[in-house]
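What follows is the residue order along each chain.
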Amino acid sequence: MSSLTDATDHPLDDQTLRAMMQAMVSSRVFSQRVFNLQRQGRAGTNAPVDGSEAILAGVSYALDPTQDWILPQYRELVGLERFGTDVLDRYVLYALGHPDGGHIPAPTRVWPPQISLATQVPHAVGLAWGMKQQGEDGCVLAFLGDGSTSEGDFYEACNFAAVLDAPVIVLVVNNGWAISTPVSTQTRAKNFAEKSHAFGMPGVTVDGTDPVAVHDAVSDARSRAVAGAGPTLIEATTYRLGPHTTADDPTRYVPADELAAARDPLVTFGVELAARGLWSEADEAETIATADARMETAVQAGEARAVSGEEIFEHVYAHPTPRLARQQAEFRARQGLDGARPQTRPGGAS
Amino acid sequence: MSDSQVMTMLEAINHTLHQEMARDERVIVFGEDVGANGGVFRATEGLHEQFGSSRVVDTPLAEAVIAGTAVGLAASGMVPVPEIQFLGFSYQAFHQIAGQIARLRYRTRGRFEVPITIRSPFGGGVRTPELHSDSLEAQYANIPGLKIVLPASAADAKGLLATAIRDPDPVMFLEPLRGYRMIKDEVPLGEHLVPFGQARTVTEGSDVAVITWSYMVDVARRAAEELAAEGINARVIDLRTLVPLDVDAIVAAVEDCGRVVVVQEAPETNGFASEVIATINDNAFYSLEAPVQRVSGYDAPYPVGQLEDHYVPDVDRVMDAIRATAEVPT
Ligand SMILES: Cc1ncc(C[n+]2csc(CCOP(=O)(O)OP(=O)(O)O)c2C)c(N)n1
Ligand SMILES: [Mg+2]
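These protein sequences, in sequence, are chains A and B. Letter by letter, the first sequence follows residues 1 to 350 of my numbering. Letter by letter, the second sequence follows residues 1001 to 1330 of my numbering.
Keep in mind that the hints were calculated from the coordinates and are not lab data. All values reported here derive from a predicted model rather than from experimental measurement. Incorrect hints may have been included.
[Said to hold, decoys possible] Here's a subset of chain A near chain B, in silico, CB distances under 10 Å, partners left out:
(1) Ser148
(2) Ser180
(3) Thr185
(4) Tyr253
(5) Asp257
(6) Glu258
(7) Ala304
(8) Val307
(9) Glu310
(10) Gln328
[To be verified] Footprint (simulated), chain A over chain B, 3 or more residues, beta carbon under 8 Å:
(11) 1083–1091
(12) 1151–1160
Just so it is clear, CB atoms sit at the ideal spot from N, CA and C, and this is done for glycine as well.
Just need the whole structure built from these sequences, with the hints factored in.
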């Protein structure tokens, strides 16, 4: 039974519940589309969202996009549209290997994907610390996976966050796997929330297939954070329904029966909303069509976006060093960008 | 039964791990996803089945503890062959590799042997996500106590890996991602050891010496082949190991050719090419007929997919450098 049916006077109105379902369905459409782009040779390696949709919807609707920050790992960017439509547009660029994929424009309070696992947790603590120091409202939420909790950065950051009473929420997406490594190989702790005791902060495990449960846990954590009561560790449990990434073959290690028994948040929440008269097959079809069209636009714009090789040299420093400037000048000459000399062999990258 | 077989570099590495584990039961392979999954590139495929989960161990996702436990395992008498899934994630293990593994013998005045071989793929050209492509060999070469080994052929992958595993000192065994399946050659099936500190001549020539390592050997070889048609004969030298460095081979190449190009994929500033050039300066300066040319990545972080072909040195850039060097009048 979900937290929605438990609470008769739940603060989430019907419109928000529907919006969360729409976000969940859309995020899977976006993710599938990016996955397929890789299969067609148009995008690089990417990690599908399947199984995490409810967590992203719950987080998105519990936080305040005008005050709070989200620091994702890499699987989450397709499900954060409530924080700004440019999150998805930039994620598409990211998947296409365009340098602007790393730049989510202000004022959207979302950081780009993090590949170096758990490094974002110290960043989130520092950001929260700085906000607190400067008297800013709001909090910071960092996502990380079950596997990533084994990194020292996770422990060091949580420990310091508690010492600082930093307004930060550390959200562990426990989807059972870190590539081929199961949770039982990461930890002997009963669950990830339990680790909060060692840090001296509250910790809670929620059903990550239930967006309302996630919403409520994040809301509580946010209230504590902005009231100055410090950080919270949230573990949201789900199951990774797809491969780790486009480069992975999960049939080598995921037990078929376990996968078959896993709950699909789109199904469970859809059924629940349908029972309340809030969702229908027509709604689902319409949401998918809208998401498809939205994605088509994003991909077309992304693929049409020009890129110059010279962007290698931009943003390395605020002002390039003389040597970097020399390298850029040599590059321009090689490319014939100054009309100097043409490439020896056009497109002759080996 | 033939005594050699054509293998990809990946197959050669896998084959060697099988042989070394069978030869010495102290060899233990561990890292992220190296077990049932056989590694994300399948370098450790089949080891788990053959040698079991106590010798082929999936670790928690934490590079520092992978490198750090290697120290203790080595001290206990084991022969650790840990894998860091991508060299860019060795940053998370840097304090253990640089601060501990490299120094254990020294700080205990020889009490402990450190027969650790850290295997890790690196290098660009395959559209990986951030930090999967960074060339960090120079960073590690700057750490006394480590040996730096970079195979550029499948046969060398075997011979150098076997030598590394049997070596009493810690080795960074750096595998070119782009070469895993692209590099293919004849590999001896029996015992095959390639000693450290002996460079390999890839193409013969006496006009210009091209000194390089890892995947850039292949790029340099193709450049040399194209230039042969223009009448420039380049001698491509694969250093194979940066530490120890084959100074004699470098000196001989300078003496024979008088003109040198050094090629590296890493950024220009403080790359290992600088060390090669300084070595030439120290040992063969008066044999030079032209300034030594350097072809490198740029002094920018390794870029995203759409930019990487512009970043990684390619055949054209190497050819231009060879031509420019060859053209300098004596
Ligand atoms: C520091 C670091 N080590 C290793 C990797 C390679 N790697 C990428 S994803 C991954 C598994 C992550 O699992 P988890 O944290 O559970 O997140 P999930 O993929 O399940 O969302 C690994 C080992 C990496 N990206 N960064
Ligand atoms: Mg996981």
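Each hint tested on the structure:
1. Residue-level restraint check for A:Ser148 holds (minimum Cβ-Cβ distance to chain B is 6 Å; threshold 10 Å).
2. Hint status for A:Ser180 relative to chain B: holds, with the closest Cβ pair at about 3 Å, below 10 Å.
3. The interface hint given for A:Thr185 is met, as the beta carbon of that residue sits about 5 Å from the closest beta carbon of chain B, less than 10 Å.
4. At a threshold of 10 Å, the smallest CB-CB gap from A:Tyr253 to chain B is about 5 Å, leaving the interface hint in force.
5. A least Cβ separation of about 17 Å between A:Asp257 and chain B goes past the 10 Å threshold, and the interface hint is therefore violated.
6. Proximity of A:Glu258 to chain B is violated relative to the hint, the smallest CB-CB distance being about 14 Å (cut-off 10 Å).
7. A cut of 10 Å between beta carbons decides the hint on A:Ala304: the least distance to chain B is about 13 Å, and the hint is violated.
8. With a cut of 10 Å, the hint placing A:Val307 at the interface with chain B holds, because the nearest CB-to-CB distance is about 5 Å.
9. Hint on A:Glu310 holds. Least Cβ distance to chain B is approximately 8 Å, under the 10 Å limit.
10. With 10 Å as the threshold, the beta carbon of A:Gln328 comes within range of chain B, its nearest partner Cβ sitting at about 8 Å, so the hint holds.
11. With 3 residues having a Cβ less than 8 Å from any Cβ of chain A, the region 1083–1091 of chain B passes the three-residue criterion, so the hint holds.
12. Coverage of the region 1151–1160 of chain B by chain A is violated [criterion: at least 3 residues with CB-CB distance below 8 Å; count 0].
Violated hints for the displayed structure, listed by number in ascending order: 5, 6, 7 and 12.
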